[in-house]
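Visitor: Going down the list, the protein sequences come from chains A and B.
According to our numbering, the first sequence is numbered sequentially starting from 1.
According to our numbering, the second sequence is numbered sequentially starting from 1001.
Please note: incorrect hints may appear among the correct ones.
To be verified - Derived CB-CB ranges, DEER-like:
#1 E52/A - Q1184/B: 46 to 52 Å
#2 E1160/B - V3/A: 44 to 50 Å
#3 E39/A - Q1082/B: 35 to 41 Å
#4 E39/A - Q1118/B: 23 to 29 Å
#5 R1273/B - L37/A: 52 to 58 Å
#6 G219/A - A1035/B: 31 to 37 Å
#7 E115/A - L1264/B: 35 to 41 Å
#8 S1005/B - H250/A: 55 to 61 Å
#9 H162/A - D1207/B: 43 to 49 Å
#10 H1090/B - Y272/A: 20 to 26 Å
Said to hold, decoys possible - Below, computed lysine-lysine pairings styled on DSSO-like, alpha-carbon distance capped at 30 Å:
#11 K1031/B - K156/A
#12 K1200/B - K31/A
#13 K85/A - K31/A
#14 K85/A - K140/A
#15 K1200/B - K140/A
Unchecked claim - If you want a taste of the chain A side facing chain B, the calculated C-beta under 8 Å gives, among others:
#16 V36
#17 L37
#18 K85
#19 E112
#20 R116
#21 Q118
#22 N152
#23 A155
#24 Q184
Hints listed in this document are in silico derivations from the structure and should not be mistaken for laboratory results.
For each residue, glycine too, the CB sits at the ideal point set by N, CA and C.
Protein chains: 2
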Amino acid sequence: MTVLSFAQQIAQATKHNRSLLCIGLDPDMNKFPEAVLREEWPIFTFNRAIIEMTHDLVCAYKPQIAFYHAQRAEDQLEMTIQYLKEHHPHIPVILDAKRGDVGSTAQQYALEAFERYQADAVTVNPYLGLDAMEPFLDYKDKGVIILCHTSNKGAKDIQELHVNDIFLYEKIAQLSASRWNYNQNVGLVIGGTYPEALAKIRAIIGDILVLVPGVGAQGAAIEPIVTHGKTPDGGGLMISASRSILYASHHDDFAKAARNAALLLRDEINQYR
Amino acid sequence: MTVLSFAQQIAQATKHNRSLLCIGLDPDMNKFPEAVLREEWPIFTFNRAIIEMTHDLVCAYKPQIAFYHAQRAEDQLEMTIQYLKEHHPHIPVILDAKRGDVGSTAQQYALEAFERYQADAVTVNPYLGLDAMEPFLDYKDKGVIILCHTSNKGAKDIQELHVNDIFLYEKIAQLSASRWNYNQNVGLVIGGTYPEALAKIRAIIGDILVLVPGVGAQGAAIEPIVTHGKTPDGGGLMISASRSILYASHHDDFAKAARNAALLLRDEINQYR
């Protein structure tokens, strides 16, 4: 059996589901319906319901690990990914963990992401430099999605500092597309709230995959993201939404409401491809 | 009861134990003695033995969370910190997690560090800017230790980029000592492998606490760290070692060997204060 690269997995799921939409699985129990809260595994139950109603509409799922850590629910994250691998193996899983640490510790984080959780890709922070990312990058069949320009307001504090004649985030993009991409498995995080940055970065990085958070609850518009971010074949993007889909309804119809929200968003994205 | 700030807790433990030494609790089961591996909770058993033999020699303990995540041992991290809080409440605990994410997610990481684990301080990554650190900084009695110049070789890739006329790490130090320190609870991580950076940063930050990894297995010399890094009162530093202490012996005498290694290191540090 040929092992697909992460980029190939995404391309396949994008084609199959006609979708650049990535759903973030960020479980906030304060927003769960009562009936879900009464379950033995409320987070897994919630995720499974979302997955069952949306797996034909997405190119990836992206659990945000902080929500599981805060709730002492690492086991339910394992259950969620295990469920995806069993029932929907063609939908890749991005573990959104934004890890960054020196080599011997980064090795432990790589074990966490790729061995314990069996994620297909992980997000990492570039501040510590290449050797801190190598333990992830050395898994050549896994995706390593490097923070470049994040979606938050404070992103400007550091990422838009001038390094010689360019912004720091452009420097990160340059390194990500060259020296750091020795296994052809790098992706970048670029917040949809900064579409002009996305345009500049796409010009630097060729067809490297870009994960775009910031739509939905964070308010980024779809059209400039797709127009500025897509590759010539209308791909190269994983546009991520979480709250606007997961919590489209707080009642027992949450999964159906999530499907409707996901369908609308997928189709809106497809208009501009 | 007056609540002490993190810096006050460290100063108190430093004074009581005449120590700037911080022991990193980075459990690597490949290096545990056989007898420990046979225990129901090997990591907790190992940590407890280390703590019992070293608690009079340190100013802090610093569990590195990646080692617990990789081993599916979050419960044993909880047990370790709980044990410290019950038996040695005057020794502060730094959760080395290097978290960094946008606001709503950072809030979850803050819950993880300060509510779930009850850590006294946490390490964070500044790449996402101030708003990503606010959920931590807003806990004003907790320490927030920001990555400035890390100990690894690749630290230079990004942290030594020139931003106008200074290095990026100096810019981080400036922001950490001013705008980001609105609750007077900021600390910085500066690798002992870069003592010249430590000297420059100390000149910028006044008496802000500095966590210094890189001694022991990573090979940094003690004298320049203390000489360049100390505050006028001979404090302001938490010098962290892990492997060189924890695994001083791989046999049943590991805890005694750890004590000897810790004692030597504490006393070597004190020579230069």
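Visitor: Determine which of the earlier numbered hints do not hold for this structure and return their numbers in increasing order.
Guide: Going through the list in order, the structure violates hints 2, 3, 6, 8, 9, 10, 11, 12, 15, 16, 17, 18, 21, 24 and respects the others.
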